[in-house]
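Visitor: If you want the building blocks of each chain, they are given just below.
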Amino acid sequence: MTGLAVEHLTRRFTTAEGGVVVALEDAVVDVPSGSFTSIIGPSGCGKSTLFSIIAGLDRPTGGRVLLDEEDCTGQQGRVGYMLQKDLLLPWRTVLANVVLGLEVAGVGRREREGIARRLLQHYGLGDFAGRYPAELSGGMRQRAALLRTILTNRQVLLLDEPFGALDAFTRAQMQEWLLDLWDDLGKTVLFVTHDIEEAVYLSDVVYVMSPRPGRVVGRLEIDLDRPRKPSVVTSRRFVELRAQALDLLDHAPAGRVAA
Amino acid sequence: MSAPTQTRPGSTVEGRVASSAEVRDAMQDLERLTPPPRARPAPAAPRPEPRLLVPALRVLALVVLVGGWEVAARTGVVDPFFYSMPSQIWATGVTAVTEGTVLLDTAYTFSATLLGFAIGTVVGVAVGLSFWWSRRYAAVAEPFVVAFEAMPKLALAPIVVLVLGIGISSKVAMATALVVVVQALNTYSGVKSVDPDLTRMLASVGASRRQVFAKVVVPTTLPWVVSGLRVTIGLALSGAIVGEYIGATQGIGRMIQYAGSTYEISLIWVGIAVLAALSMVLYAVVGAVERRFLASLHVSR
Numbered sequence: 001m002t003g004l005a006v007e008h009l010t011r012r013f014t015t016a017e018g019g020v021v022v023a024l025e026d027a028v029v030d031v032p033s034g035s036f037t038s039i040i041g042p043s044g045c046g047k048s049t050l051f052s053i054i055a056g057l058d059r060p061t062g063g064r065v066l067l068d069e070e071d072c073t074g075q076q077g078r079v080g081y082m083l084q085k086d087l088l089l090p091w092r093t094v095l096a097n098v099v100l101g102l103e104v105a106g107v108g109r110r111e112r113e114g115i116a117r118r119l120l121q122h123y124g125l126g127d128f129a130g131r132y133p134a135e136l137s138g139g140m141r142q143r144a145a146l147l148r149t150i151l152t153n154r155q156v157l158l159l160d161e162p163f164g165a166l167d168a169f170t171r172a173q174m175q176e177w178l179l180d181l182w183d184d185l186g187k188t189v190l191f192v193t194h195d196i197e198e199a200v201y202l203s204d205v206v207y208v209m210s211p212r213p214g215r216v217v218g219r220l221e222i223d224l225d226r227p228r229k230p231s232v233v234t235s236r237r238f239v240e241l242r243a244q245a246l247d248l249l250d251h252a253p254a255g256r257v258a259a
Numbered sequence: 001m002s003a004p005t006q007t008r009p010g011s012t013v014e015g016r017v018a019s020s021a022e023v024r025d026a027m028q029d030l031e032r033l034t035p036p037p038r039a040r041p042a043p044a045a046p047r048p049e050p051r052l053l054v055p056a057l058r059v060l061a062l063v064v065l066v067g068g069w070e071v072a073a074r075t076g077v078v079d080p081f082f083y084s085m086p087s088q089i090w091a092t093g094v095t096a097v098t099e100g101t102v103l104l105d106t107a108y109t110f111s112a113t114l115l116g117f118a119i120g121t122v123v124g125v126a127v128g129l130s131f132w133w134s135r136r137y138a139a140v141a142e143p144f145v146v147a148f149e150a151m152p153k154l155a156l157a158p159i160v161v162l163v164l165g166i167g168i169s170s171k172v173a174m175a176t177a178l179v180v181v182v183q184a185l186n187t188y189s190g191v192k193s194v195d196p197d198l199t200r201m202l203a204s205v206g207a208s209r210r211q212v213f214a215k216v217v218v219p220t221t222l223p224w225v226v227s228g229l230r231v232t233i234g235l236a237l238s239g240a241i242v243g244e245y246i247g248a249t250q251g252i253g254r255m256i257q258y259a260g261s262t263y264e265i266s267l268i269w270v271g272i273a274v275l276a277a278l279s280m281v282l283y284a285v286v287g288a289v290e291r292r293f294l295a296s297l298h299v300s301r
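Order-wise, the sequence lines are chains A and B. Counting in my numbering, the first sequence runs from 1 upward without gaps. Counting in my numbering, the second sequence runs from 1 upward without gaps.
A portion of the hints provided could be inaccurate.
Pairs of lysine to any residue residues, derived as SDA-like cross-links and limited to a Cα-Cα distance of at most 20 Å, are as follows [unchecked claim]:
1. A:Lys85 x A:Ala96
2. B:Lys215 x B:Val182
3. B:Lys215 x A:Arg110
4. B:Lys215 x A:Gly130
5. A:Lys85 x B:Val212
6. B:Lys215 x A:Glu103
7. A:Lys85 x B:Val182
8. B:Lys215 x A:Tyr132
9. B:Lys192 x B:Val182
10. A:Lys85 x B:Val217
For the record, the hints were derived by calculation from the structure and aren't laboratory data.
Assemble the whole structure, with the sequences as input and the hints as a guide.
Guide: Laid out in structure tokens, this is it:
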């Protein structure tokens, strides 16, 4: 099991005109092993910068990324990473898409497809293994994208607004599905969303970020029992937590947030 | 909200009244100035076209064109010495096929075209794809490629024929020159269209640059390459013909050139007809390849 810790991450960009933009300032985030942690914040709060740095696609100006105490700042391929765009390759079947990580790692075709078929079957994509992405609904595509991330066999998963483009019904289904999957596999998840309810419903801990400069302005422990049922959103505790999260966001500088 | 409209002190209320009067005025003007809608019947459902109508009309158009030309030439409306006439062209064509070397010439031009097309495509695609590997190299090379693109390459023909001789290699070189730049720029457009998020996704699953190239860049670029083939096949044919104009011992281009210098207008037309047929065949083949290929990609466009 692997926990993720982000220590005092700062990222400054120099613009073409010579100005300095602080995309991320002194961010501290702790994601204990096997936990589900969310980050909420308006556009421009540095969430994507934070994710790029954790994923090793960008280097911080200062600070460190730790996986189980090991410094892995600037290392690519240590964590699973998923975006709002499903990024499925249109010329590949679902099966050929989800095995991409194993293929890149040099695992033989039979082995990788054997693993993938079992997971696709169990997580509701069994009938779609031979289909092409263009034939799938948005929800199904996101499921395939998440399974592709799972199949990279990383303990830590970064999910960057994975359900942001889905309609409300599909999104609710996907949240259930994700919680099941997380429950089964015991992954350490760091999840970014604009949606406060989604963050509170899914997480153990919610971090609140604010823009310009991007920084962490609050941390909220979600002490709702697990496993959670969708009806939990009407409980008093849920409503209180949601109000607290909104409050933290409101005290952050301007920006648009969906409640 | 069922709450009554907020009542705020004086000015706001007056403002609201004023603005609603403004809206009422505007609506009255709108009413006054808009012409009443004219009733038009809904369009009738399109009647199914008789299946053979379009082909029949096409044949008719061809008959009118060719027949008109024949009549105009025979009645002296156009001078048959300069313009020839269909019956004469047909007779010349038959003679050229049975007694002349038209078939060999066609094979010669066809080979030069296909060779130049193949070489130009391979080299052009390789150059275009190579731009993916280094942004600096691409930036340095791009203006040269664009300059070569802008240059009228047909003007190079005399030099090419001088250097490579009047054999087939100069024709292949001309065809290649026309194909290579267009395909290189076209492939480069494809390379530039690669979604950077896809590249990042692959990097995040641990792919090397070579793997990103093979699994994303090449597949993304292929449809661009294939669409480019329809353009470049025509260019290859033009290149080969111009090469033959400048100096050759065989080929349809040489035949046309020779016919021109001896005032055999009918033979020129025979050459043009052969080239048109050749061009249509090549175009149809490339088009069929493109359709099958794009269908196999499952890219919804």
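Visitor: Within a Cα-Cα threshold of 20 Å, do Lys215 of chain B and Gly130 of chain A meet the stated pairing?
Guide: holds (19 Å)
Visitor: Does the structure keep Lys85 of chain A and Val217 of chain B at a Cα separation of 20 Å or less?
Guide: Roughly 18 Å between the alpha carbons, so the hint for Lys85 of chain A and Val217 of chain B holds.
Visitor: Has the given pair, Lys85 of chain A with Val182 of chain B, been kept, meaning a C-alpha gap of at most 20 Å?
Guide: violated (33 Å)
Visitor: Hey, Lys85 of chain A versus Val212 of chain B, does the alpha-carbon distance stay inside 20 Å?
Guide: holds (18 Å)
Visitor: Regarding the pair Lys215 of chain B and Val182 of chain B, is the alpha-carbon distance no greater than 20 Å?
Guide: violated (24 Å)
Visitor: Are the Cα positions of Lys215 of chain B and Tyr132 of chain A separated by 20 Å at most?
Guide: Roughly 16 Å between the alpha carbons, so the hint for Lys215 of chain B and Tyr132 of chain A holds.
Visitor: Between the alpha carbons of Lys192 of chain B and Val182 of chain B, is the straight-line distance 20 Å or under?
Guide: Distance of about 15 Å is within 20 Å: holds.
Visitor: Would the pair Lys215 of chain B and Arg110 of chain A pass a check requiring their Cα atoms to be no farther apart than 20 Å?
Guide: holds (19 Å)
Visitor: Verify the proposed pairing of Lys85 of chain A with Ala96 of chain A, using a straight-line Cα cut of 20 Å.
Guide: holds (18 Å)
Visitor: Does Lys215 of chain B pair with Glu103 of chain A here, judged by a C-alpha cut-off of 20 Å?
Guide: Distance ~10 Å between Lys215 of chain B and Glu103 of chain A Cα, so the pair holds.
Hints 2, 7 from the list above are not met by this structure, while the remaining hints are.
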